[in-house]
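Number of protein chains: 2
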Amino acid sequence: MTNVLGVWPENTHQAQILRLLRDGPCSRAELGDAVGLSRSKVATELDRMIDRGLVETAGPAASRGGRPSSIVRIAAATRFLSIDIGASTLDVALTDGELQVVARLTERTELRQGPTAVIAQALELVTKLAADSGTTRFTGAGIGVPGPVSFHEGVPVSPPFMPGWHRFPVREMFSTELGCPVLVDNDVNIMALGEKHAGIARSFDDFLFVKIGAGIGAGIVVGGDVYRGANGCAGDIGHTAVDENGPQCLCGNVGCLEAYFGGAALTRDAVAAARAGRSDQLAEQLARIGTLTALDVTRAAAAGDPVAVGMVRDGGRRVGQVLARLVSFFNPGMVVIGGGLAGMGHALLAEIRGVVYRSSLPLATGDMPIVLSELGDQAGLIGATRMISDHVFTAS
Amino acid sequence: MTNVLGVWPENTHQAQILRLLRDGPCSRAELGDAVGLSRSKVATELDRMIDRGLVETAGPAASRGGRPSSIVRIAAATRFLSIDIGASTLDVALTDGELQVVARLTERTELRQGPTAVIAQALELVTKLAADSGTTRFTGAGIGVPGPVSFHEGVPVSPPFMPGWHRFPVREMFSTELGCPVLVDNDVNIMALGEKHAGIARSFDDFLFVKIGAGIGAGIVVGGDVYRGANGCAGDIGHTAVDENGPQCLCGNVGCLEAYFGGAALTRDAVAAARAGRSDQLAEQLARIGTLTALDVTRAAAAGDPVAVGMVRDGGRRVGQVLARLVSFFNPGMVVIGGGLAGMGHALLAEIRGVVYRSSLPLATGDMPIVLSELGDQAGLIGATRMISDHVFTAS
Chain A
3 MTNVLGVWPE
13 NTHQAQILRL
23 LRDGPCSRAE
33 LGDAVGLSRS
43 KVATELDRMI
53 DRGLVETAGP
63 AASRGGRPSS
73 IVRIAAATRF
83 LSIDIGASTL
93 DVALTDGELQ
103 VVARLTERTE
113 LRQGPTAVIA
123 QALELVTKLA
133 ADSGTTRFTG
143 AGIGVPGPVS
153 FHEGVPVSPP
163 FMPGWHRFPV
173 REMFSTELGC
183 PVLVDNDVNI
193 MALGEKHAGI
203 ARSFDDFLFV
213 KIGAGIGAGI
223 VVGGDVYRGA
233 NGCAGDIGHT
243 AVDENGPQCL
253 CGNVGCLEAY
263 FGGAALTRDA
273 VAAARAGRSD
283 QLAEQLARIG
293 TLTALDVTRA
303 AAAGDPVAVG
313 MVRDGGRRVG
323 QVLARLVSFF
333 NPGMVVIGGG
343 LAGMGHALLA
353 EIRGVVYRSS
363 LPLATGDMPI
373 VLSELGDQAG
383 LIGATRMISD
393 HVFTAS
Chain B
3 MTNVLGVWPE
13 NTHQAQILRL
23 LRDGPCSRAE
33 LGDAVGLSRS
43 KVATELDRMI
53 DRGLVETAGP
63 AASRGGRPSS
73 IVRIAAATRF
83 LSIDIGASTL
93 DVALTDGELQ
103 VVARLTERTE
113 LRQGPTAVIA
123 QALELVTKLA
133 ADSGTTRFTG
143 AGIGVPGPVS
153 FHEGVPVSPP
163 FMPGWHRFPV
173 REMFSTELGC
183 PVLVDNDVNI
193 MALGEKHAGI
203 ARSFDDFLFV
213 KIGAGIGAGI
223 VVGGDVYRGA
233 NGCAGDIGHT
243 AVDENGPQCL
253 CGNVGCLEAY
263 FGGAALTRDA
273 VAAARAGRSD
283 QLAEQLARIG
293 TLTALDVTRA
303 AAAGDPVAVG
313 MVRDGGRRVG
323 QVLARLVSFF
333 NPGMVVIGGG
343 LAGMGHALLA
353 EIRGVVYRSS
363 LPLATGDMPI
373 VLSELGDQAG
383 LIGATRMISD
393 HVFTAS
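Read top to bottom, the protein sequences are chains A and B. Using this note's numbering, the letters of the first sequence map in sequence onto residues 3 to 398. Using this note's numbering, the letters of the second sequence map in sequence onto residues 3 to 398.
No wet-lab data here; the hints were simulated from the structure. Among the hints, erroneous ones may be present.
[As the list claims (entries may be wrong)] Take a look, some chain B residues computed to stay more than 12 Å from chain A by CB distance: (1) V37; (2) V103; (3) G312.
[As the list claims (entries may be wrong)] Listed next, the stretches of chain B that the computed footprint assigns to chain A, with coverage defined by at least 3 CB atoms under 8 Å from CB atoms of chain A: (4) 218-229; (5) 240-251; (6) 322-333.
Given the structure is predicted, the values throughout are model-derived calculations rather than measurements. Glycine is no exception: its CB is placed at the ideal position from the N, C-alpha and C atoms.
From just these sequences and the hints, can you work out the full model?
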């Protein structure tokens with residue numbers, strides 16, 4: 003597979019035009035207004051961009067009076083790739099230049115196999131996706147991994163539970179194999195970017211995205227951009243101690259938020275409740291399948307099982323306690339709750355809200371919404387392509 | 003008093019030149035290199051700026067070979083004003099265009115008198131300072147207040163313990179009276195900016211400044227700029243609960259960090275220790291003066307009084323616990339400890355470091371320095387003039 007459209011915007015006006023068209027087709031006249039260029043100057047830039055295959059004409063524009071204008075859009079051949087490497091799944095998707103999904107494949111994986119095997123599996127999925135959709139060239143690829151990342155180097159840094167991934171050249175390997183620009187970031191940061199681009203946080207410049215899934219983490223958006231911190235590990239709220247005398251966490255410390263809530267903690271507690279005969283529903287499920295997951299707890303809670311409801315409430319309270327402090331510190335405009343366990347929905351949300359609104363400073367929480375993600379499992383996908391398109395749609 | 007130099011930079015090159023000269027005089031040749039302008043273009047800009055009284059020539063430059071160059075500097079008449087409104091003191095200073103202090107006056111005040119009286123007192127100090135130093139015009143003024151501020155409006159918002167200050171038009175009032183551009187911000191944000199401009203955090207873009215004084219608060223610097231949050235109250239770590247069963251705080255809640263440490267808590271604990279006969283040194287001081295302050299605890303701790311040392315250690319541990327969580331969340335490049343009680347120095351620092359390094363994620367703390375402010379009680383002063391000079395040295 004060869005590079006991209008092979009070309010980059012030549013100047014900041016072209017980059018600005020591409021970012022505008024990423025949100026949908028525009029008339030030449032509208033583009034000129036938005037970019038602040040005269041009609042003739044915008045025409046010059048657009049003609050060059052059409053010649054170079056970056057954009058194309060899509061028909062006449064509705065008349066605004068005056069000279070007729072035409073609609074332009076991002077080249078239909080534009081294809082961004084999103085590769086979300088999760089704790090137990092690989093999610094690969096292809097979008098057009100407007101970040102709309104054109105194809106998607108998901109497969110189970112096992113991070114502990116190490117990076118070489120997982121990346122090979124991801125590349126197989128990409129090849130299949132490209133073949134199925136007749137794609138021969140990628141404009142760029144955004145990769146998410148479930149751990150801290152040195153963004154500028156494109157390598158994971160000390161990711162927990164990921165043997166072999168520390169400083170593995172993930173970006174370089176994908177870039178070589180895909181033949182296109184690649185950026186790698188922490189999966190939560192990417193989901194936050196997805197919410198900023200197309201989700202409920204679209205109109206917020208400063209907000210927190212909290213992922214509750216296998217793990218718990220936060221994406222921090224400052225001034226519309228992801229804030230990654232000095233070492234790329236900003237937002238790691240899952241492994242800070244909420245109780246010095248709390249239970250043992252898989253990370254080796256005690257009393258971490260993830261030792262109370264998240265995939266592994268819920269599985270542990272659900273199995274214990276089933277075995278102790280405290281929940282008929284969980285006990286039946288355990289007897290039938292031989293195992294329980296966090297999703298079983300979600301289902302049991304939705305069906306009104308009191309033990310499962312208690313687990314969701316308890317988890318929400320713990321998350322709320324951590325968030326209350328962060329809200330006072332960071333004073334976000336909004337908090338978005340996403341990730342696999344956000345499916346616990348309003349019971350979880352109600353508990354989080356109760357604690358945060360009770361414990362944070364009134365000034366910080368007075369008009370601050372705490373809401374569920376609207377994008378669900380598309381947040382990471384959209385965020386990854388948003389990240390790489392921001393990079394590609396920058397003047398070279 | 004009339005406005006400023008009366009003039010603003012006319013374009014971004016002039017603004018850039020002024021910001022460079024704020025760090026000290028430069029040769030015309032060096033300025034051209036730094037701004038990326040040809041020798042003739044930089045000469046054109048400088049000639050206009052000299053005509054308009056923004057900069058002046060300060061003699062010939064050392065030869066670099068080629069044509070002789072001259073040294074230019076910010077106009078000697080440039081005068082920035084810093085007005086730091088503290089819990090119990092007013093600190094007013096005048097700096098030159100390089101933010102060097104040329105005059106300073108400090109007086110006790112009482113915030114509870116309300117804004118009209120305190121602002122009148124500050125303006126009297128300004129008049130005295132101006133008369134003593136022969137200053138007739140201010141280039142700009144930066145104002146610090148000890149509470150949350152809506153930065154864009156220049157008004158305090160729900161500041162605790164400051165009756166009458168909520169939404170009082172502080173910026174407008176000073177601006178009218180001083181006849182110059184004025185910006186108002188939270189005192190901790192301003193101290194953080196001082197550390198960024200001339201303190202130990204000069205080379206850090208992302209760091210936390212923690213003020214421990216009458217109150218406890220944090221200034222958050224992201225990408226070199228102060229991050230203020232959605233409502234201007236980011237960094238408020240003094241009134242978040244560290245223990246739901248903790249002591250009553252002056253703010254009305256229980257278990258806040260400030261209920262354990264900071265001026266009021268130390269005074270309370272010192273008096274209790276003196277009365278209970280647990281500390282001879284504090285008891286003697288209480289008997290002699292009839293009152294105890296946090297500074298008495300600092301002195302007693304420095305003299306080895308075991309109760310006072312215990313109070314400093316206990317406070318450091320509490321601050322460390324709060325910071326450990328924030329460090330994992332924010333992943334700063336550095337943490338700077340300042341404010342009146344930073345005079346507790348290395349005993350306090352050792353305790354904070356111990357807790358943070360023990361409890362935070364290794365990746366976030368691996369190479370993160372936790373250090374004492376180098377600027378001491380000049381941090382706010384330098385930060386306030388840095389803030390307003392950034393504003394004035396922007397192309398209009």
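(message) Name the hints, by number, that the structure is in violation of.
(response) Those not satisfied: there are none.
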